[in-house]
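**Student:** Which chain is which? The protein sequence lines are A and B, in order.
For the first sequence, my numbering begins at 121 and goes up steadily by one.
For the second sequence, my numbering begins at 285 and goes up steadily by one.
Quick caveat, the hints were computed from the structure, so don't treat them as lab data.
Careful: at least some of the hints might be erroneous.
[Said to hold, decoys possible] Listed next, with one range per pair, are the computed distances between beta-carbon atoms:
#	chain 1	residue 1	chain 2	residue 2	range
1	A	K122	B	F432	54 to 62 Å
2	B	M315	A	V458	44 to 52 Å
3	B	R362	A	G418	48 to 56 Å
4	A	P183	B	M315	33 to 41 Å
5	A	H804	B	G417	48 to 56 Å
6	B	F432	A	G418	39 to 47 Å
7	A	A694	B	T416	58 to 66 Å
8	A	D560	B	F432	32 to 40 Å
9	A	E498	B	R388	47 to 55 Å
10	A	G684	B	F432	44 to 52 Å
11	B	T416	A	L800	35 to 43 Å
12	B	F432	A	H411	52 to 60 Å
Ideal Cβ positions, reconstructed from N, Cα and C, are used throughout, including at glycine.
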Amino acid sequence: MKDVNQALAAEFGLSADEYQRVLDIMGRTPSFTELGVFSVMWSEHCSYKSSRVWLKTLPTKAPWVIHGPGENAGVVDIGDGLAAIFKMESHNHPSFIEPYQGAATGVGGILRDVFTMGARPIANLNALRFGDPKLARTKRIVDGVVRGVGGYGNCVGVPTVGGEVNFHPSYNGNPLVNAMTVGIADKTKIFLSAAAGIGNPVVYVGSKTGRDGIHGATMASTEFDADSESKRPTVQVGDPFVEKLLIEACLELMATDAIVAIQDMGAAGLTSSSVEMEGKGGVGIELVLDHVPQREPGMTAYEMMLSESQERMLMVLRPDREDVARAIFDKWDLDFAVIGHITDTGRIIVRHKGVLEADIPLDPLADQAPLYHRPTTETPAQAPLGSVPDPVGVMAALFTLIGCPDLCSRAWVYDQYDSTVGGQTVKRPGGADAAVVRIDGFRRAVALTTDVTPRYVQADPEMGGRQAVAEAFRNISAVGALPLAITDNMNFGNPTKPEIMGQFAAAVRGIASACLALDFPVVSGNVSLYNETEGRGILPTPAIGGLGVLEDAAHAVGLAASAGQSLVLIGDIAGHLGQSLWLREIAGREEGPPPPVDLAAERRHGDFVRSEILAGRVAACHDVADGGLLVAITEMLMGGRIGATLAAPPDTVPAHAWWFGEDQACYVLAVTDPSATLALASAHGVPGRLLGQTSGQDLKMADGATMSVAALIAEHERFFPEWMD
Amino acid sequence: MKAAIVVFPGINRERDMAIALQLATGHRPQMIWHKETVLEGIDLVVLPGGFSSGDYLRCGAMAAHSPIMPAIHEHARRGGHVLGVCNGFQILTEAGMLPGALLRNAGLRFLSMDCHLRVERADTDFAGHYQTGQVFRAPMAHGDGNYFAASDTLDRLEGEGLVAFRYASASGEITNAANRNGSQRNIAGIYSPNLRVLGLMPHPEDLVDPLMGGIDGKPLFDGLAAALAA
Numbered sequence: 121m122k123d124v125n126q127a128l129a130a131e132f133g134l135s136a137d138e139y140q141r142v143l144d145i146m147g148r149t150p151s152f153t154e155l156g157v158f159s160v161m162w163s164e165h166c167s168y169k170s171s172r173v174w175l176k177t178l179p180t181k182a183p184w185v186i187h188g189p190g191e192n193a194g195v196v197d198i199g200d201g202l203a204a205i206f207k208m209e210s211h212n213h214p215s216f217i218e219p220y221q222g223a224a225t226g227v228g229g230i231l232r233d234v235f236t237m238g239a240r241p242i243a244n245l246n247a248l249r250f251g252d253p254k255l256a257r258t259k260r261i262v263d264g265v266v267r268g269v270g271g272y273g274n275c276v277g278v279p280t281v282g283g284e285v286n287f288h289p290s291y292n293g294n295p296l297v298n299a300m301t302v303g304i305a306d307k308t309k310i311f312l313s314a315a316a317g318i319g320n321p322v323v324y325v326g327s328k329t330g331r332d333g334i335h336g337a338t339m340a341s342t343e344f345d346a347d348s349e350s351k352r353p354t355v356q357v358g359d360p361f362v363e364k365l366l367i368e369a370c371l372e373l374m375a376t377d378a379i380v381a382i383q384d385m386g387a388a389g390l391t392s393s394s395v396e397m398e399g400k401g402g403v404g405i406e407l408v409l410d411h412v413p414q415r416e417p418g419m420t421a422y423e424m425m426l427s428e429s430q431e432r433m434l435m436v437l438r439p440d441r442e443d444v445a446r447a448i449f450d451k452w453d454l455d456f457a458v459i460g461h462i463t464d465t466g467r468i469i470v471r472h473k474g475v476l477e478a479d480i481p482l483d484p485l486a487d488q489a490p491l492y493h494r495p496t497t498e499t500p501a502q503a504p505l506g507s508v509p510d511p512v513g514v515m516a517a518l519f520t521l522i523g524c525p526d527l528c529s530r531a532w533v534y535d536q537y538d539s540t541v542g543g544q545t546v547k548r549p550g551g552a553d554a555a556v557v558r559i560d561g562f563r564r565a566v567a568l569t570t571d572v573t574p575r576y577v578q579a580d581p582e583m584g585g586r587q588a589v590a591e592a593f594r595n596i597s598a599v600g601a602l603p604l605a606i607t608d609n610m611n612f613g614n615p616t617k618p619e620i621m622g623q624f625a626a627a628v629r630g631i632a633s634a635c636l637a638l639d640f641p642v643v644s645g646n647v648s649l650y651n652e653t654e655g656r657g658i659l660p661t662p663a664i665g666g667l668g669v670l671e672d673a674a675h676a677v678g679l680a681a682s683a684g685q686s687l688v689l690i691g692d693i694a695g696h697l698g699q700s701l702w703l704r705e706i707a708g709r710e711e712g713p714p715p716p717v718d719l720a721a722e723r724r725h726g727d728f729v730r731s732e733i734l735a736g737r738v739a740a741c742h743d744v745a746d747g748g749l750l751v752a753i754t755e756m757l758m759g760g761r762i763g764a765t766l767a768a769p770p771d772t773v774p775a776h777a778w779w780f781g782e783d784q785a786c787y788v789l790a791v792t793d794p795s796a797t798l799a800l801a802s803a804h805g806v807p808g809r810l811l812g813q814t815s816g817q818d819l820k821m822a823d824g825a826t827m828s829v830a831a832l833i834a835e836h837e838r839f840f841p842e843w844m845d
Numbered sequence: 285m286k287a288a289i290v291v292f293p294g295i296n297r298e299r300d301m302a303i304a305l306q307l308a309t310g311h312r313p314q315m316i317w318h319k320e321t322v323l324e325g326i327d328l329v330v331l332p333g334g335f336s337s338g339d340y341l342r343c344g345a346m347a348a349h350s351p352i353m354p355a356i357h358e359h360a361r362r363g364g365h366v367l368g369v370c371n372g373f374q375i376l377t378e379a380g381m382l383p384g385a386l387l388r389n390a391g392l393r394f395l396s397m398d399c400h401l402r403v404e405r406a407d408t409d410f411a412g413h414y415q416t417g418q419v420f421r422a423p424m425a426h427g428d429g430n431y432f433a434a435s436d437t438l439d440r441l442e443g444e445g446l447v448a449f450r451y452a453s454a455s456g457e458i459t460n461a462a463n464r465n466g467s468q469r470n471i472a473g474i475y476s477p478n479l480r481v482l483g484l485m486p487h488p489e490d491l492v493d494p495l496m497g498g499i500d501g502k503p504l505f506d507g508l509a510a511a512l513a514a
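All chains should be modelled from the sequences, with the hints used to inform the complete structure.
**Tutor:** Structure (structure tokens):
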């Protein structure tokens, strides 16, 4: 074993200052195991040392919020005595090194964060970003990640109901895999992680501990370089079968009164779960590692404390219920071991083979963790775009856009995810702006979405952050659900660069302002920094996972239009082409400011659309987002395999800007009585406009341009199968 | 009809199946843990979908040797009804209760989408509420649904009228395009010689409520409930 000194600390990812702080706390040179504990607890991944000062500014409260950030996942009251428990988390770095296992264990980890609080997981979503599709490496990563997400989610039997897939060269060496899980629990039976009860047994359940994932949290806190491939051993290997057993066994145990506290072993494994449980409870812990179920002989204390082997949980039990608990885990053929007990020392003490391997005071480990107020520089404002001529015409541009990698059909992806298991999926992937999943035994349903437009965030981080939240609000409103809360997954570059930290700070400001204006607080989240490869950062990507509620799942509407309907625009189209997909795909430019987000208009328009849906006056609804108005309309027509005749745009806006500008706070409604909708909109001070009628098999523009919907569908569905199979 | 759902470790569509059976019979089916050894007073035994033992060996291979299996063999030998869906179908083939095997899908990818099934015969206790030749929709969700058997076995199945459902187009044609997983002769489900054991890959239990997109799967359960009414 190596000598413990500053050089080893540096190898473990601790700075000289941080190592000095360790020496001060310990009053001596720490042991090898102790240094390992400090280094993972103080890693960016576990300590949020660069982001905490900004995250604290996010709005986290509302009357319906039961638990905000700080627990394993956020908890909101959704009515009928039910709580929705949800969170999104990244697994970016492992997914680059080993796409299948990286993505699979990302799903497994977020599932545990949710069921550890007492919820049965009812839905998975994800937000995936990949590099340039022209690169062979991108194809390999997409294939592995999609197989990994499906391989894990399908096996555990939690439907994967929604998500995002996008491409940009900035993700070439650093794909993003953000996984979200939503669970449902009795709101009076939420399980927390704060340990209590001096002498209570500390119990380990689940998979055995192996040597996989050691220092995974540290890996996730550094940039990639040419040696990243050699870090493959730090990627964990998932076992969704054991996870499924663990879900059932834990839920069975949670129906008893045996559990005092429970926490999954995620990043930094046994170290972080025990430190967090005892830290929150203000107690101490003594662990005897000889009792830890081990996959192989000869493991050291250091390896066991830092292993990130998957599918493991740590619990504090009532001593008189140990037998009840053991019987349940025996039934499910899962390991169950008492590995320690709660103490009143305020210290974590680790023994192995009769040797004292670690003895660390818990308070300073948490309270004196590094906290950085890193320098920031503001992202310079983009120059106005000015007028951009239309080089190809509206119909040709539409054909190109609906077939491009960022707008084409994602069916190839979601057809590999089981979206129906559970029998409660009301709106499947591709069928609506948000996934809708009913609660078994109730009329009530949740509406779920993941959203962010990274190119907007890059151009204007504050506006981009605001837009991500607004789009989640829109997607939930567009199915008729009331938006309740979000989880945020902040994926950014190297925080020691002021321009990156400036992006982060501004994006948080934008998110915060939107949360406040839309009554849509942040209840959980995750930060992934150092998303850079060889010095090049990703587009800043604060992915937002949104949750809303419908009192009656039968009220939900999808996006597919059908014959004999009128298409009505709600909102104002000014023709904003800056940072639009039209500008990138048709004019070949990535420029200009992103579309401005008027939060008051978002609120007003969203509330109006929702009330119209709940009144039963809307047959289908889709928000205007990537690609603009004509892409939104075309998606509704393709969904219903129906044509439409569209009215001419107003004279005040150039046709291509009207149809492809990415103006915000806009929705397209398919209705049977457009005059009633428009009159009500006007009465509510909401802009509305009749766009056209559905009929026939063709999309017909006012200038006579025509294209068959079948041809549009063929082009829309072409990219993924051609590219991947 | 008294129905029991066998819960093998790793099964994940037992709750879906319970919902469908309850809709048809008005009461919750019994759940039977795979380590039990006795089946008493049961008309219909259901082996649901999922990933028993993770499907880490061949799909269904471990479950086929569970402690409950001798009782299921005995139930079938006595002429009792058995329904195996998805992993349940795989378990029935691994247990030798139905011929053939389910291989990896031809495209080597998991397939999750609706398919159309053509009812090959309606004069059974399972298909009595459908019409022969009728086409109905059902979600499928599997990585190993590619039905394979030797050609003489396939000839025998067809000759004896033991093919239950075939993958078809929406209008009922038996095409390659409709046969996404590559099954021999588009076979999606087969019966035992006494027509009391049915195995099929798609999930009629996930299409029994209009809110979930349709009730195409409901006649299967209604038909069973009617045929097996005490």
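**Student:** Each hint should be assessed against the structure and marked as holding or not.
**Tutor:** Verification of the supplied hints:
no.	hint	verdict
1	A:K122 to B:F432: 54 to 62 Å	holds, 55 Å
2	B:M315 to A:V458: 44 to 52 Å	violated, 30 Å
3	B:R362 to A:G418: 48 to 56 Å	holds, 54 Å
4	A:P183 to B:M315: 33 to 41 Å	holds, 39 Å
5	A:H804 to B:G417: 48 to 56 Å	holds, 53 Å
6	B:F432 to A:G418: 39 to 47 Å	holds, 45 Å
7	A:A694 to B:T416: 58 to 66 Å	holds, 60 Å
8	A:D560 to B:F432: 32 to 40 Å	holds, 35 Å
9	A:E498 to B:R388: 47 to 55 Å	holds, 54 Å
10	A:G684 to B:F432: 44 to 52 Å	holds, 47 Å
11	B:T416 to A:L800: 35 to 43 Å	violated, 51 Å
12	B:F432 to A:H411: 52 to 60 Å	violated, 47 Å
Hint compliance for this structure: hints 2, 11, 12 are not met, and every other hint is.
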